[in-house]
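The opening position of the sequence shown corresponds to residue 10 in our numbering, with each subsequent residue numbered one higher.
No lab work stands behind these hints: they were computed from the structure. Beta carbons are placed, not taken as given, at the ideal position from N, Cα and C, and that holds for glycine. There is no bait here: all hints are sound.
Quick list of simulated restraints, FRET-style, between CB atoms:
no., residue 1, residue 2, range
1, 145, 36, 49 to 57 Å
2, 144, 54, 41 to 49 Å
3, 54, 31, 26 to 34 Å
4, 32, 54, 19 to 27 Å
5, 163, 139, 31 to 39 Å
6, 58, 31, 22 to 30 Å
7, 25, 49, 20 to 28 Å
8, 144, 49, 46 to 54 Å
9, 47, 137, 39 to 47 Å
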Amino acid sequence: MPGPGSGTENYLVKWTPDNETLGNSNVFDDGTTVVIGSENPDNSARFHISGVLNGSGFQGGGTTFLQNSQGEKVRTSPITQMESNKEIDMMMVGERKSVNLTKQFNGQLNDVTKGNENYNLNESSIERLDNLERQIRESKEMIQTLLIRIANLESQLNKN
Numbered sequence: 010m011p012g013p014g015s016g017t018e019n020y021l022v023k024w025t026p027d028n029e030t031l032g033n034s035n036v037f038d039d040g041t042t043v044v045i046g047s048e049n050p051d052n053s054a055r056f057h058i059s060g061v062l063n064g065s066g067f068q069g070g071g072t073t074f075l076q077n078s079q080g081e082k083v084r085t086s087p088i089t090q091m092e093s094n095k096e097i098d099m100m101m102v103g104e105r106k107s108v109n110l111t112k113q114f115n116g117q118l119n120d121v122t123k124g125n126e127n128y129n130l131n132e133s134s135i136e137r138l139d140n141l142e143r144q145i146r147e148s149k150e151m152i153q154t155l156l157i158r159i160a161n162l163e164s165q166l167n168k169n
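Just need the whole structure built from these sequences, with the hints factored in.
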C-alpha cells in the first residue's frame, strides 16, 4: 500500500520502471475531472484525454468535444449513436468556420459543406439524401432503357 510521499496529490500511482518504487502515472483525478496524458486539460471537461481515442461505441447525452489536428474544437451535441459514422445530430467547428463532412454515394466519399453556419446533419436528412440518390439512379436507369427502346424502334423503322 502506498505510503506518504509515494506520488503527487490527485495522480494515480504506479510502479516506476525499476519495479521497486512508486511514482505518478499520467492519470489525474481530483474528484471532479479525470485527465489522461495532458498537463493542460480543458477545465470545462469532466474527462480529458490527450492523444488518440479509439472506441467501438459512444452513447449518451450532453456535449462531446473533440479536437482536430489543427487544434480546433469539434463539438457534437449530443452523440446518441455512431453507426457507420452517420448519426451525428449536430456538428460545429469553432466559431463561424466551415464544416466539412463526407457522405458516401455509390461507393465514393463526397464532401458535404456549409460555410459560416451550423450545419445540421441528422438521420432524417441522411435518409432524404439516400432516397434522392436512389431516385436519381432509378431515373438514369429508366432513361437508359428508354434510349435503348428508341434506338430499337428507329432500327425497325429504317428496315421498313
